[in-house]
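2 protein chains.
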Amino acid sequence: MMIDTSATRTPAAASAGGAGPQQLGIGMRFSLHPHCDDFVGVILGALADAREAGLDQGLVIESDEVSTYVGARNAPAEQRLVAYLAGVLGAASRRTGGGHVVAHVLLSRGCPGEVSCDLRAVGLPAPAPVEVAPTGVRAVAQWSLYPLMDGWSSAGSHMVPIEAAISAAQQRGTASASSHYATTLTGDVAEVLATATDAWAAVGAQVAHVVSHLTVSFGSPSVTDGGR
Amino acid sequence: MMIDTSATRTPAAASAGGAGPQQLGIGMRFSLHPHCDDFVGVILGALADAREAGLDQGLVIESDEVSTYVGARNAPAEQRLVAYLAGVLGAASRRTGGGHVVAHVLLSRGCPGEVSCDLRAVGLPAPAPVEVAPTGVRAVAQWSLYPLMDGWSSAGSHMVPIEAAISAAQQRGTASASSHYATTLTGDVAEVLATATDAWAAVGAQVAHVVSHLTVSFGSPSVTDGGR
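Protein chains in written order, with our numbering: chain P, 11 to 238; chain A, 11 to 238.
Bear in mind the hints are in silico, worked out from the structure with no lab data behind them. Heads up, some of the hints might be wrong.
[Claimed, not checked] From the structure, some residues in chain A lie toward chain P, with a derived Cβ separation under 10 Å: (1) G37; (2) R39; (3) L65.
[Said to hold, decoys possible] Reference listing, derived: stretches of chain P covered by chain A, where coverage requires no fewer than 3 residues with Cβ under 8 Å from a Cβ of chain A: (4) 74 to 81; (5) 199 to 212.
[What the hints assert, rightly or not] Derived contacts from chain P toward chain A, CB cut-off under 7 Å, selection only: (6) Q33; (7) C46; (8) D66; (9) Q67; (10) H168; (11) Y191.
In this text, a Cβ means the ideal position worked out from N, Cα and C, and glycines have one as well.
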């Protein structure tokens, strides 16, 4: 169905085409994997640290047995999501004393069933790039981006926005190598997450349903700085 | 470019439209996360166990600092991939004494750049369902499927094959719940992996480029059998 434009909107959402974060289904799932015997304490502690730092504001957070869902309810949606995630990952690194932790992240926007409107009927907003304070934790990630288009799109082939995103990550200095099915990103956790978030949000201005997956690793004993 | 149909082909590949596993870019990446201090020993041991069981035949396997790439070189490609992965995951469970292990899996087929042909120019093969011996390890997984289509496709909207895959998983008895951005699968590790593999391969008969992601968890202290 169409978005009810009579609903209350934040100024940011209104200026961005009429659809707020919830109407666009902007959110993520992530799982956190501390490679240590005390993994339960690290996971629960890192989630608590981010909450106590106030990073959960404007977000709905639900953990289940496999992962944690984070839905954005207020603008700036992408900024809130990535700041929360960087907070959790930084806390997990501190709580393991720089030990090996991996996070798997799924960023989603415009998933049918998730959203209650026909997104193709609205102007899709293009958010500003996110700004995330450095965590001091160096990460290596493997990153994939999936524009889920049907029929004609102003983005052209689904590979066009993917190649543009990789090019932007190379200019940013985070894309360090390409592998089968994924691009390797290296840098501070905050910069790695910001690269993927900005790319995903940019595709969302052209393609209603877009998903990105990231496997973020830090503290690995087999560090090679992402080189092959 | 077009596939060179004069090249040597296996009988299975020839009967399936002319393109073998390597021409179709059939493969996966996976990362293994034992939640214990001895994670290095468990990961290396599980990979060695699968190799010693001969499950790596017909596959190219390359581990890097974040994950392991597995490319299929001989038919039956999907069968080889899933049997290898089930072997690694079963071994990881045994090596941790039933401890908490998570695997993240990316199944990919038809990725441009990965394959050297224009897949839209060929008849895409529909492989037989895979058969994987039970591991005895009960898993809960969150599963997503991404048909990456451009323009018109015989599959219709990208949500049509996704909904068909979820329906098939429900009939099979593995789909136990739907969450934001993912479907929860429960059952023996082998059956969970087979559900996702068959769905991904079936979409590949209609859509050249199709990717699936799975976060597979077992031995979790917070087991709820996938219910919400």
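Of the hints stated earlier, which fail here?
-> Violated hints (numbers, rising): 3, 5, 6, 8 and 9; every other hint is consistent with the structure.
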